[in-house]
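Visitor: Chain by chain, the residues:
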Amino acid sequence: MVPPQYYLVLAAAIFCIGVFGLLTRRNALMFLMSVELMLNAANINLVAFSQYWGNVTGQTFGLFTMALAAAEVAVGLGIILVLYRNFGGVDVTDATTMRW
Amino acid sequence: MNPWIAIGALALMGVGIPLGMMAASAILRPSVPEQGKSATYESGEIPTESAIGIQFNVQYYMVALLFVVFDIETVLVFPWAVIYSPALEAGVPLTDLLLPMLVFIGVLLVGLVWAWRQGAVNWTSSPRATRRKTERQS
Amino acid sequence: MATLLWGLGALAPALLLALTGLLVLLINAVYPTEDRPTLLAVVSTVGSLASLVAAGALLTGVGGVLSGPEDSVTLYADALVVDGMSLFFSAVFASVTALVVVASYDYLAENPHRAEFYSLTLFAATGMALMASANSLAVAFVALELSSLPSYALVSFLKGNRGSVEAGLKYFLIGALSSAVFVFGISLVYAATGSLLLPAVASGLTEAGAGLAGVAGIGILMVAGGFAFKTASVPFHFWAPEAYEGAPAPVSAFLSSASKAAGFALLFRVFVVGFPLPGADVVASIDWVLLFQILAVATMTLGNFAAATQENVKRMLAYSSIGHAGYALIGLAAWTTADGGAVMGAAMAHLLVYGFMNTGAFLFIALVEHWEVGRTFEDYAGLGARAPMASVAMSVFMFSLAGLPPFGGFFSKYFLFAAAVGAGYWWLAAVGAINSALSLFYYSRVVKALWFDEATTDFELGATPTALYAAVLFAAVATLLLLPGFGPVIETAQAAAAALAP
Amino acid sequence: MILETLIGFTFVAALAVFLSPDEYAGQLAFGLSLLPVVGSLYMWSQFDATGNALVEGGSLAFATQIDWLTVGGYTLQWFVGLDGISLPLIVLSTVLTSLAILSAWTPIDVRQSQFYGLMLFMEANLIGVFSALDFFVWFVFWEAVLVPMYFLIGVWGGPRREYAAIKFFVYTNVASLIMFIGFMALVFNLPVDSFGLPAIAGALRAGELGGFLGLAPDALATVAFAAMFFGFAVKVPVVPVHTWLPDAHVEAPTPASVMLAGVLLKMGTYALLRFNFTMMPDVAQQLAVPIAAIAVLSVIYGAMLALAQQDLKRIVAYSSVSSMGYVILGLVAYTEFGIGGATFQMVAHGLISGLMFMAVGVIYNVTHTRMLGDMSGMADRMPITTGILIAGAFGYMGLPLMAGFAAEFFIFQGSFTSTVLPAAPLFTAAAMFGIVIVAGYLLWAIQRTLFGEFSVETDYEVTRAQFHDTAPLAVLLLCTIALGVAPEVFFGMITDAVVPLLGGGA
Amino acid sequence: MVAVVTLQQMLPETIAGLLPFGGLAADIVGALIGAFLIANFLLINTAVAGPWAKRKITAAFTDRIAVNRIGPFGLFVIVADAVRLLSKELIIPDGADRPAYDLGPLLIPFSALLGFAVIPMGSGIQLADPETGLAFAFAASSIASLGLMMMGYASNNKYSLLGGLRAVASNIAYEIPLIVTALSIVVFTGTLQTSEIVAQQGEAFITLGGVTIPQWFAFVNPFAFVLFVAANLAEVGRNPFDVPEAPTEIVAGYQTEYSSVYFVLIYLGEFIHIFLGGALTAVLFLGGAAGPGPAALGIVWFTMKIWAFFLFTQWARSAIPRLRVDQFIEIGWKGMLVLAFANLVLTAVLVGVLA
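Protein chains in written order, with this note's numbering: chain E, 596 to 695; chain R, 643 to 780; chain V, 466 to 967; chain H, 960 to 1465; chain Z, 98 to 452.
Because the hints were derived from the structure by calculation, they are not lab data. Glycine included, C-beta positions come from ideal geometry on N, C-alpha and C. Don't take every hint at face value.
Interface residues of chain Z toward chain R, partial, derived using beta-carbon atoms under 10 Å [to be verified]:
1. Val145
2. Trp149
3. Leu211
4. Asn254
5. Val277
6. Ser357
Incomplete in silico selection of chain R near chain E, CB under 7 Å [said to hold, decoys possible]:
7. Leu670
8. Val710
9. Ile714
Derived coverage of chain H by chain V (criterion: at least 3 residues anywhere in the stretch with Cβ under 8 Å from a Cβ of chain V; other residues may be distant) [as the list claims (entries may be wrong)]:
10. 987-998
11. 1052-1064
12. 1115-1125
13. 1428-1442
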């Protein structure tokens, strides 16, 4: 059986990829995808350690995480849609009517 | 043996066979590049601008959102459906098994009814159609 | 069956909110075309008030669910816990929701999507109520999202308004990021302890997940990050000014009061119950008291200094709410296993008072936006002569936020700082006091603009929006009455907080 | 219950006036403000307290004590009551408030309802300040007095009103904060379970103070005393923290400066007496010399500054700084006549300075100037006003048969015979020198403005003041003379309340 | 019951048993051979169905005589067509989004084939029997909609784009009723393991006059059966639900711009998809490979069942007019979805009350 540390490393790597994409991409959709990546990294941990500890808590929570991720995307797409309508683009740095 | 080995093998076939057919056709087929042959089909007219990035009916987006909601909900129903009868046989009281799922589906149905009445699943809302509807009601 | 219904009874505050939200949706489904403002508003208000009553009743032992604020029951395989703390916060959420709903009756005067607004607000409130009674990290995350997702939609509710959309986008981006961090932290904690139930997590940490101690530490840090977003404190605070400024003012009120309080409710419970401080038997944990001391000082100082430099009243309030998050963080920063109840209860009480005064302040902004007067201090000049009652209310809020007698804010701040001193962290109290003194400067700017300055342009206010006015005045009266009536509040809060400590 | 009724009624009256239409606000406010006057006079007639409220053995009048809330082992109470020191000040506040309201009819011509509402709101809080015996009740009222004054100056004040209002607000709030911290440092190290002032005073006088942060009890007591003294000194005010006062007075509308000089300054000295000099007599006696020095400095310096002013209002303002100096000198003397006279001076000066500001205001209403150079010979046109003004000035100078004379006589007698104050005669003599200066500048100012032949640059006919302008002046003058003729009416109960203090010292 | 119950040897194991060597190598080789056999079995079915049977059936419906020149009953037209199509020139339209344009046709047969991995075909022919068989089958079969979308988008043709969008819309609209209906069966079985599901249908349901009717879920819950078949029609995009292609509206939708081998692949994929739909119907409702006679005949019965479903689709294609797209979507969301949920809840309640 694969030792749990490997899963941790894998998850951490995916998470970092997500963070990287999040920091480098200015396209809102890319941002969403990066966030999905981070959430899935969490899912990997949850499922892997659900097997490691021998209880299904992690797997169940993984399901919930997926559901919420999808819901988040649904809301996010809605917001990005109105963003496109108002600013004519999906570049997050376009929207600067207020100063940071 | 681990079933996934076999499944992987079939996946391999699923990729290999089409690739083989492509290869065969690549050997057989001629290639006669010709002006206008590669124009996209628009009923024989000269194609207008590219099709990529044209705007289409927003209803597709609505439907997609609805799908996200209900697909997720299906994911959550799956485990319930699987353990339902085993749990019954294990002697779990029916209410504890059934009521939560009924509540869950009920909430979803409220959402669906709302979306329905808001016209999220009405494909066309052309004035003519609505007028016909009203005439039918009257 | 019995357990199920009994659980429903114990969760009445949350369930009432949820049912009201569904009811609003159904009403809108019955009348999809014409909007029924009064019907919807009345239903939503009644629902949130019912939830408030339910919370109060349970808290005082009616229904036999709880014997008092120090009692607690767990439901549904310990995933949920109903105790004094959760009910206390449920009361806060319910009252803020009621205020916001009443106020938005006028604010949304010609908005066709009234029903969506109300239902989203109520669902968000439901999520908050669940956050307050989450006893498992899974429930915590789900409830947090349930309160966040409607909030994203609410912030960008004015589809045509660029400011609102931009605010919604930024709020959503930071929110999505922080929720990802949060859930990854949870997964790490689960990796180290093998459970998501807070008590089990605590014992798991004490038994040490072998070589996974460091993992647990990182996980706890990430969870703290998620909370930092929800409570708009450093380092995930920078969405707050944008979101509060761009959002419709009632939504800003809702977020900056209820949402923040919900974040703190969960924060308190998770860290006190779930993450024991490193000690003799605890191997895998971090000294989060130190962490929150740093965060508290940074948050309150940053918030106050930034607020002092603002020209836009709404933005000033946004930064000041960051500062108040810093004050509330003292509840954890001065936590001691011996007598953490006093300081944490004081923080809870402060959040309650803050719920009224800050909501009222933002609702006054809503009133001004309704009159389309303007957003900067200059635009507020001369309002005192034109709308005396509302301006008196706003002055009350400002002085109370600054912590001056004779308003509720004075007592809540005083007891918070006094409790910090009592816990031995007198320097935290000192920093807080200095910050409050500084905050008086920018709060009094609003009062000065309202009463002293002459209007630059001769403008006329439109008709008086009754519901909005009523909400503002009610918040002001509550802020005043919370001074003489502070006794039960602080006593309940401290009893509940003390019961929380392991 | 009569105190609660009084305070509650005044709050309600404030709200009613605030909501009333501007036209009738003045009359309504005056009418409503008469009831507190009646109430306070009734309390005076029924007064039966003996001894000092904060010293064991004293009995209270009209006291109520209700538990409010209990936090962290401390019980907060609604605890009010009167003794011989607080009653005269309450009478003073009520009387002065209603007269100030009357005097506001002419000058205040915008947003009247808000103005009078604030005046009544302030009156309610003043009654609270002088009757509260629980620290938090007292502090809430104490701070709540500042808010209406802030608005009164900032909204209805003169050209530089915002500067004056904010300066006043910041000075007094910072002072309150420092005082608050000092007092908390004391309470948290005392074996008390409530914030009741008698309990705290008893514990402090019994020397049960503990150490804090490595400070020895004595050192802590000294620090706290200093902090509280500073906090109250700003309110009094004494040199060198007096600089907010002239600005506030000059910018404030006449009724507001009447209240400010007549009552608000007394809050500072009252608090000094109640907290510093009652609770920590030995510390006070250790620090007697510097305090007395500050007092004399205020007397002389204030008088000097007054001498240098051109603006009548500034003159009166600085003169009140110097008069407050007498009060502190009397307090620090720690003799029956010293403290008693100081308390009596609070009342007397309240009446007289109110009278002066009001008279100046009346003249200003007519001439729209307060500059010495701009007017002369007012006596021709406004005989009554000028007559009263002159009488008031003599009261200031301590002319016999006037309240001022009685007060200053008591103070000097007390401080001269002081045992705790080294070189008491020296300080007394120095302070007496202040009187000469007062006489000097007042006579000079009066001579320049009121006599000589009439000249004011106005484009209209200067006429006599209206009746409702001169009436309050007359009333105040009568009160002053009455107190001067028969000081016992107050001095008896004051000394009765002061004597117990002296036992506790040294 | 949730525990993994392997009723019989899987096909790869059988083959691996025949191999001279053992171990992991044997497993892998056996799996490959088994997969190859099953893939070819499906290819043959499709080859018969696509170029020949389809035409014959349509002709029969329209009272014509279709292909009858080459070979007996014109059976060799299959070969002819294959050669003809493969040797056609491949025309890539201007501005095609290249990798997507090529991947789409690959994905469709891939997804359909993959779905068969868990289908028990009787006589011990089943490639794999994981615990999550049913879920896997649905998952694999819905990869296709991704391919359709890619094709529609990458062709740079407005008809194709519309076709692709419609395809996705139809898939997502009818996938939920499909799965929810399947779940109503899972509520009976309590497992997702296909072999287990089939095995449970072997038991006797009722006996009418000496004839023992097996507990096929088509008999137990005919309502679900009807729903499932209808949703399945939409999933495989046949009349009356062939809105995505709709040759007369949007000239074959997403496949407008595809020719030569790509066209073959798409065609192949669609037919395998039909068979997969049939297979799922059989497994869930028609007792899998069960039938009279010895169990060795299972594969025959299975083939007959999936062909029956194929015939049904063809009959529908010729007999029923196509829906308008708006009717199509609205039926999906307002009709099928609600009915599917009603069915699920009803089933659960009945099972709970009866049990």
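Visitor: Could you run down the list of hints and mark each one as holding or not?
Guide: These are the hints, each one checked on the structure:
Because the smallest distance between the Cβ of Val145 (chain Z) and any Cβ of chain R comes to about 17 Å, over 10 Å, the interface hint for this residue is violated. Contact between Trp149 (chain Z) and chain R, as hinted, is not supported at the beta carbon level, the nearest pair being about 19 Å apart and thus beyond 10 Å. Annotation: Leu211 (chain Z) was flagged as interfacial toward chain R, and the flag holds, the nearest CB pair being 5 Å apart, inside 10 Å. With a cut of 10 Å, the hint placing Asn254 (chain Z) at the interface with chain R holds, because the nearest CB-to-CB distance is about 4 Å.
Among the interface hints, the one on Val277 (chain Z) holds; its C-beta lies about 6 Å from the nearest C-beta in chain R, closer than the 10 Å criterion. Hint status for Ser357 (chain Z) relative to chain R: holds, with the closest Cβ pair at about 6 Å, below 10 Å. Checking Leu670 (chain R) against chain E by beta carbon gives a least distance of about 41 Å; that is not within 7 Å, so the hint is violated. Evaluation of the Val710 (chain R) hint against chain E yields a held restraint, the C-beta minimum of about 5 Å falling below 7 Å.
The criterion of a C-beta within 7 Å of any C-beta in chain E is met by Ile714 (chain R), whose closest approach is roughly 4 Å, and the hint holds. Note: the region 987-998 of chain H has 0 residues with beta-carbon separation from chain V under 8 Å; the three-residue rule is not met and the coverage is violated. Given a C-beta distance limit of less than 8 Å, the hint that chain V covers the region 1052-1064 of chain H is violated, as 0 residues qualify and 3 are needed. As drawn, the region 1115-1125 of chain H meets chain V at 4 residues by the rule of a beta-carbon pair under 8 Å; at three or more, the given contact holds.
As drawn, the region 1428-1442 of chain H meets chain V at 0 residues by the rule of a beta-carbon pair under 8 Å; below three, the given contact is violated.
Consistency with the previously given hints fails for numbers 1, 2, 7, 10, 11 and 13, ordered from lowest to highest.
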